[in-house]
Amino acid sequence: MVVDHVSLTVPLGQFVCLLGPSGCGKTTLLRMIAGLDSPTTGRILMSGRDMTRTPAHERNFAMVFQALALFPFLNVEENIAFSLRLKGIGWRERRKRAHELLELIKLPDIGSRKIEQLSGGQRQRVAIARALAQEPALFLLDEPLSALDAQLREHMQIELRQLQQKLGITTVLVTHDQREAMTLADSVVVIAQGSVQQIGSPTEIYRRPSNRFVAGFIGRNNLLEVEVLDRRHVRLGSVVLAVAPIPAGVVSGEVVTLAIRPEELRVLPQGSQGGGTLPGHVSFVREIGERVELRIDCQGRELVGSVSPSDGAVACTGPVSVQFMPGAGTILTC
Amino acid sequence: MLARLRAAVLLAWPSLALVGLVAIPFLLLVRISLAPPDPNGLWSAGISLAAYRGLMDRSFAAALLYSLGLAILVAAVGVCVGFPLTFFITRMRRGWQVLWLVFLLATLTLSDVLIAFSWQVMLSKRIGFANLLVTLGLMEQAASLTPSFGAVLGNLIYLVLPFTVLTLYPTLSQLAPELLEAAKTLGASPLVAFRTVIVPLTKRAAAVSFLISAVLTLGAYVAPVVLGRPRNWTMAVLIGNAALAGHNVPRASAMSVCLLIAALLLTGGTSWLARRRGSR
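Those sequence lines, one after another, are chains Y and B.
Mapping of the first sequence onto the numbering used here: residues 455 to 788, in sequence order.
Mapping of the second sequence onto the numbering used here: residues 44 to 323, in sequence order.
Quick caveat, the hints were computed from the structure, so don't treat them as lab data.
Take these hints with a grain of salt, some might be off.
As the list claims (entries may be wrong) - Below are the SDA-like pairs computed for lysine to any residue, each with C-alpha atoms no more than 20 angstroms apart in a straight line:
no.	chain 1	residue 1	chain 2	residue 2
1	B	K246	B	E221
2	Y	K568	B	V242
3	Y	K568	B	L307
4	B	K246	Y	K560
5	Y	K568	B	L218
6	Y	K541	B	F237
7	B	K246	B	R318
8	Y	K541	B	I241
9	Y	K560	Y	Q616
What the hints assert, rightly or not - Restraint-style ranges between C-beta atoms, simulated for each label pair:
no.	chain 1	residue 1	chain 2	residue 2	range
10	Y	S600	B	G180	54 to 64 angstroms
11	B	R137	Y	E547	22 to 32 angstroms
12	B	S216	Y	Q576	53 to 63 angstroms
13	Y	S492	B	S216	22 to 32 angstroms
14	Y	T657	B	S216	45 to 55 angstroms
15	B	S216	Y	E547	36 to 46 angstroms
16	B	G312	Y	D603	15 to 25 angstroms
What the hints assert, rightly or not - Just a sample of chain B residues kept apart from chain Y, beta carbon distances all over 10 angstroms, derived:
no.	residue
17	A93
18	C123
19	S154
20	V240
21	R272
22	H290
23	T313
24	R319
We treat Cβ as the ideally placed atom computed from N, Cα and C, and that holds for glycine.
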């Protein structure tokens, strides 16, 4: 089974991202929403109306495909006006609407161009304009930015978000790029092996992952086996750490997972004192722009920490101390 | 410079061969069509339009139109049958696709003489098809289905079908399914999506397929002779009769030239139709 036990509500006017690794079922879910695939069981409702058996062409859900699927035998304007032509709208009105959409996507002068004459970014925008022309009830996007280079992708993410906010159109986007999901979404749905792992705002997903998969998939996380001591404390080896409140139902002595982000660890010069501090040895240093990522061997465990490039004292291989910031991290039981 | 000349000579030999093997016999054909007929030999010396004048009657025009009409009908039915068949094949798993293509190629290895006589047997009173029609209640009693126009038409469609599929296959196998799906999400029903997306994307391949079938049918000889009545005979049969039975080679040549012109007009017309853009 590709998708199983998915229960998802998309609030009107929101931007929802289905996020997960390749083959997790997110595109299948989107295709079922679009009406291109049929679920064997379950229902798809739109404002209370059951759409499960409604054919794709009667749903008025526009979709932008990963391959864009622009019609090569039509020019840009004709591509954008395709859905309007099917509705029997006259030539003048179609042309006017196509020009409005070209203005919206900031490409007012390319209406007469052939599709093969467009750049990747232009094609992207034309595909979006074509989908928006029919004024859809729901706007679906299947990894539409994946073929673009990093810089253009980032630019298009911002443009897409601004466009969605301007039109207030309910949007569902499929992506495997967590950064893209974080940039665009009001709400992120993390999917793995065909089932929903967590639904929440980007901050919630990042700060409070619900399980080991989400913690490992979203951003970089240190996942450590710890023993629960009381409601606020756990033991990691010989060190007692003060952590975020432990979920109800977890009893003292139970072994759970502590998920802690690299930025929640303080990497200090060797010999620094303080609570929740472990001695370690930096084994690998990686420059990642505004931060320097460190791989630290702490009593047989590899931790990932990060420091500012200006912090030269620890931004190189050698012995250090790692301090767990009090109250940081999330306790995971599954 | 010498290397370029050598390369040009090496690349030019196919065009020289084409001139030698196609253009020269055609020019000879035109020349013979303009020669006075000689009842005791093949043709006489000199220039005459007698052969062309001899074609200026209703019977020749009717025969030419019949051949052209039959070619168009066979090609149209061939494309109409071949298109869904090819679409169906391209949606199969790769191994099945290869099997189908090998099967279709294998049918091309059979001689059209053999195929025509097989059809004659298949459509005879005693064997096969007539008895099936009787069993189904579509015929009162078994009777031979040849000679008939239907037998000629069916046999010619059978002959062109592999060419139709093999011509359409490359285009249809590369047709991205997302294009149809995109049309659906933009409000096109399956039929409208076929008309507005599949047809424009495949019309050139369909036109080529149509032309190949039509040109092959224009030259059909065996099927009309074996499976048809004299009124079902095509221009190729009539040309053969004029040359072999009538000993009038200039008339046969003139008929061939007219048939060639008809084929060129058909090709030009089809190409023009295929190039025409869809209406707004």
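Against the structure, the hints:
About 19 angstroms separates the Cα atoms of K246(B) and E221(B), which keeps this hinted pair within 20 angstroms; it holds. For a cut-off of 20 angstroms, the pair hint linking K568(Y) to V242(B) stands: about 19 angstroms separates their Cα positions. Of the supplied pair hints, the one linking K568(Y) and L307(B) is violated, its CA atoms being roughly 32 angstroms apart against a limit of 20 angstroms. Only pairs whose Cα atoms come within 20 angstroms are accepted, and K246(B) paired with K560(Y) is rejected, the gap being roughly 34 angstroms.
At roughly 19 angstroms between alpha-carbon atoms, K568(Y) and L218(B) fall within 20 angstroms of each other, so this suggested pair holds. Distance hint between K541(Y) and F237(B) is fulfilled; the C-alpha atoms sit about 16 angstroms from each other, no more than 20 angstroms. About 9 angstroms separates the Cα atoms of K246(B) and R318(B), which keeps this hinted pair within 20 angstroms; it holds. The hinted pair formed by K541(Y) and I241(B) meets the criterion: a straight-line CA distance of about 19 angstroms does not exceed 20 angstroms.
Taken as a hint, the K560(Y) and Q616(Y) pair is honoured in the structure, with Cα atoms around 12 angstroms apart against an allowance of 20 angstroms. For S600(Y) paired with G180(B), a C-beta distance near 60 angstroms keeps the hint of 54 to 64 angstroms intact. Take R137(B) and E547(Y): their Cβ atoms lie about 46 angstroms apart, and the range 22 to 32 angstroms is violated. A C-beta distance of roughly 29 angstroms is found between S216(B) and Q576(Y), which places it outside the suggested range of 53 to 63 angstroms.
A hinted range of 22 to 32 angstroms holds for the C-beta pair S492(Y) and S216(B), which are about 26 angstroms apart. The given range of 45 to 55 angstroms is respected by T657(Y) and S216(B), whose C-beta atoms sit roughly 48 angstroms from each other. The hinted window of 36 to 46 angstroms between S216(B) and E547(Y) holds, with their beta carbons roughly 38 angstroms apart. Look at G312(B) against D603(Y): about 47 angstroms separates their beta carbons, and that is not inside 15 to 25 angstroms.
Every Cβ of chain Y is farther than 10 angstroms from the Cβ of A93(B); the closest lies at roughly 51 angstroms, confirming the non-interface assignment. With 10 angstroms as the threshold on Cβ separation, the claim that C123(B) sits away from chain Y holds: the shortest Cβ distance comes to roughly 21 angstroms. A cut-off of 10 angstroms between C-beta atoms confirms that S154(B) is not in contact with chain Y; the least separation is 41 angstroms. Separation of V240(B) from chain Y is inadequate, the least Cβ-Cβ distance of about 7 angstroms not exceeding the 10 angstroms criterion.
Here R272(B) stays apart from chain Y, with its beta-carbon at least about 45 angstroms from theirs, past the 10 angstroms limit. Against the 10 angstroms criterion, H290(B) stays outside the reach of chain Y, whose nearest CB is about 54 angstroms from its own CB. With 10 angstroms as the threshold on Cβ separation, the claim that T313(B) sits away from chain Y holds: the shortest Cβ distance comes to roughly 18 angstroms. Distance check for R319(B) against chain Y: the nearest CB is about 12 angstroms away, which clears 10 angstroms, and the non-interface claim stands.
Hint check: violations occur at hints 3, 4, 11, 12, 16, 20; the rest are consistent with the structure.
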